[in-house]
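With chain A held as given, fit chain B onto it using these hints.
Protein chains: 2
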Amino acid sequence: MQFELTSEYLELLKKDIANFDKKALNSRLSELHAADIAEIFYNLEREESKQLYRLLDDETASEVLLELQEELREEILASLTSKEIAGQIDQMDSDDAADVINELPENIQEEVLSQIEDESQASDIADLLNYEEGTAGSLMAKELVAVYAHDSVSACIEEIRRQTTDVKVMYAVYVVDENDKLLGLLSLRTLLVSDPDAKIGSIYDAEVISVQTSQPTAEVSEIMEKYDLVVLPVVDETGRLLGRITIDDVVDVIREEAEKDIQRMSGITDTVAERDSLWRLSRARIPWLLVGMGGGIIASRIIGVYEGQIKIQPEMAFFIPLIGATGGNVGVQSSAIIVQGLANNTLLGDKIAGRLLKELGVGCINGLICSGLILGYNLIISDSVSLAATVSVALMTVILFASFLGTFVPLTMNRFKINPALATGPFVTTLNDIIGITIYFMVGRMMYNHI
Amino acid sequence: MQFELTSEYLELLKKDIANFDKKALNSRLSELHAADIAEIFYNLEREESKQLYRLLDDETASEVLLELQEELREEILASLTSKEIAGQIDQMDSDDAADVINELPENIQEEVLSQIEDESQASDIADLLNYEEGTAGSLMAKELVAVYAHDSVSACIEEIRRQTTDVKVMYAVYVVDENDKLLGLLSLRTLLVSDPDAKIGSIYDAEVISVQTSQPTAEVSEIMEKYDLVVLPVVDETGRLLGRITIDDVVDVIREEAEKDIQRMSGITDTVAERDSLWRLSRARIPWLLVGMGGGIIASRIIGVYEGQIKIQPEMAFFIPLIGATGGNVGVQSSAIIVQGLANNTLLGDKIAGRLLKELGVGCINGLICSGLILGYNLIISDSVSLAATVSVALMTVILFASFLGTFVPLTMNRFKINPALATGPFVTTLNDIIGITIYFMVGRMMYNHI
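Taken in sequence, the protein lines are chains A and B. According to numbering that gives the first Met the number 0, the residues represented by the first sequence are 0 to 450, in order. According to numbering that gives the first Met the number 0, the residues represented by the second sequence are 0 to 450, in order.
In isolation and in its complexed conformation, chain A is listed as follows:
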């Protein structure tokens, strides 16, 4: 049922490509979904994949184009004339078409638009290009089926028959008034089981959730998830129906948001993909590395203050990594839980103080376990009671501090509308490193003077 790419199959395809055998190739690919064909592209050399694209049937080509990752799509588009691009765009839904045009270099966008044969498609796309990226408007498609409230069921079925020639999948029928203002929706099931003479106005469902074009995509995905919607109508400020957003686009948004959060947590500033250029990959990573280095330099100054003590008690240096690593780990764990709670809206009614107390409770339990274990280890291995006491007391303090920071920093960032996922990464780790080292050496001086 599902396609699995085997190396034998790939070899056969590669031969077809090398022979420019368009017919054999397309018959070999005819049973495959565009998403499967796209997968094949990633298993070919760059030149082969461009060659393959040129050999595809027109309709297949435009479907495959949409399934490719942006970078490869751009490369393939660059090898086509604007007339060829216009031909492919003509066959796409308006939202996909607008996305593809948006990815083109500015100077050829207009050229391509002017060569699209279907004029209503061209004006729909031009319209969609006006919406800012990251808004509901940028996600919506113009293709939808709308009927008037004063129509009868039979007139409505006739209208659907007419309108659905360019709507590939119909999710819902929208009901509007004479000014195109969205009134509600009509399930196809209701339509199927209703009396043909009934008026739409008397059978439609007025409880419809919609978004405005300017709402951010994050809100769109939140709404669709919360209310389990498959399609969401988009209106302007006056409530006029302009388009609709489908769940598959939102699944992509959810996926992208999760990826961005993971990259933020990992100290990568820009969204990058593994296939990006060396230079882009480097540039996205260097800022947080420098922040971490800055933290390391501060730590070196702090340790520098205790240079004299290290000369006498060099064993103090042994546990610098342990203190730093544990503080970092605890901080990341605490902030991950808080960031997740914030993203899920399950932290809504909770007061900051309560959260802090709970995290400190967890910190207490884990701190006692960790410092107890390391106390046992040091008392057995080393003969310095001062060192054993220093490491355990410092570790306990560091774990409590790290729990506090790991909770407090993301909650505070969230309050000031900064993405708290930033806090789960190198920021909290660096902060904990500095504070951990300071605590360790302060405790050390105290212990060695008193024990």
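Honestly, the hints are just simulated from the structure, not real lab data. Take these hints with a grain of salt, some might be off.
One copy or two, it doesn't matter: identical chains are merged, so the pair holds either way.
[Unchecked claim] No farther apart than 27 Å at their CA atoms in a straight line, the calculated lysine-lysine pairs in the DSSO-like style are these:
| hint | residue 1 | residue 2 |
| --- | --- | --- |
| 1 | K21 | K225 |
| 2 | K225 | K13 |
| 3 | K49 | K14 |
| 4 | K225 | K259 |
| 5 | K416 | K259 |
| 6 | K49 | K21 |
| 7 | K49 | K225 |
| 8 | K180 | K225 |
Leaving out everything else, chain B in the frame of chain A:
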């Protein structure tokens, strides 16, 4: 259009709850979606929220129950009799009903099942309970509309009218043969625009993607995302149609998978929520803290070898945190990119060697920048050329090593079918800490002997 919870509204609700004013309360909530009412629950004290639940209308109550987080749902269910639970379950879709029953303590599961009035619902649920968690079977619902290929369009519409009494939203009409084997699907639009006398067999779409009950949920979400499906039929080994999975359940799976990955990356072993008990939160975090501590102890042994050198050159200790932190950060960055590529299937055809080379390239660029900067800093600040040389040479080497490990470890884990997200977390960080310290002191001994 969307509901926003204000504190005034909350105050009014709290008064209704305190007064046991069922009528005022339900009329106040009547315009809200169950998901909105669930949000209110999280802004009440525990006792208030249980009280509110008892005051809700029956139908609303069963909808709200499904929108609550597991922990609160369990608490509320514990306060109901099994007859009350059975009444609520009777109104749910079979998949939701099975999920709720699965959450009940074993001893009352059967009691509740036996009290469900609708016998076909009870047997559907009992059926669904047999599928293992994490499989397609556990996600599917039994409610679907199926017609025979030999039916006519008009007979089919009649059949839909009959079958849809307990199907709330109809996504697709499935076409089966006399043995209930899935043949294909029929869009409602096709049905609407077809001649009433046409045979279903001549108008249905035979290209239907399905999954078997035993396939893992991760595959289900992959397939639905890849092919942009809203609903996916589920069949048994012989191809008989058993149920269907809808996209909203899969969105939950995607969300959960992303959360699990973030927790794994943060060194949390079990999936926990911020609301879990102190003890559960502690237990989920302690394993990776102990791994990190183990790494810290190994690092302390390594530094111990160089105790004599630290006595003479205590400044060597200053840069232990910088070396450790930078190695950790680089490792996490590299592995995050690789893990993402693996999850996206964009790394499919790539050879490990190529990936390693690219990451080493990025490591080279960032290593040169970082070690160049720290060289400048040390030459200005400190008067030990040996120290300056040691830190920069070690840093460069550590960054290259960390890039290598950050790439190699997740790729290798993936090859051995271990979730590579585990590698992005404390595991790679700990490994890099140990290797970083070793490199640093080895380079240090060399430099101080030769410069």
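Taking the hints in turn, this is what the structure says about them:
no.	hint	verdict
1	K21 to K225	between (47 Å within a copy, 26 Å between copies)
2	K225 to K13	between (46 Å within a copy, 24 Å between copies)
3	K49 to K14	within (15 Å within a copy, 68 Å between copies)
4	K225 to K259	both (21 Å within a copy, 20 Å between copies)
5	K416 to K259	both (17 Å within a copy, 25 Å between copies)
6	K49 to K21	within (14 Å within a copy, 67 Å between copies)
7	K49 to K225	between (42 Å within a copy, 22 Å between copies)
8	K180 to K225	within (24 Å within a copy, 35 Å between copies)
Checked against the numbered hints given earlier, this structure breaks none of them.
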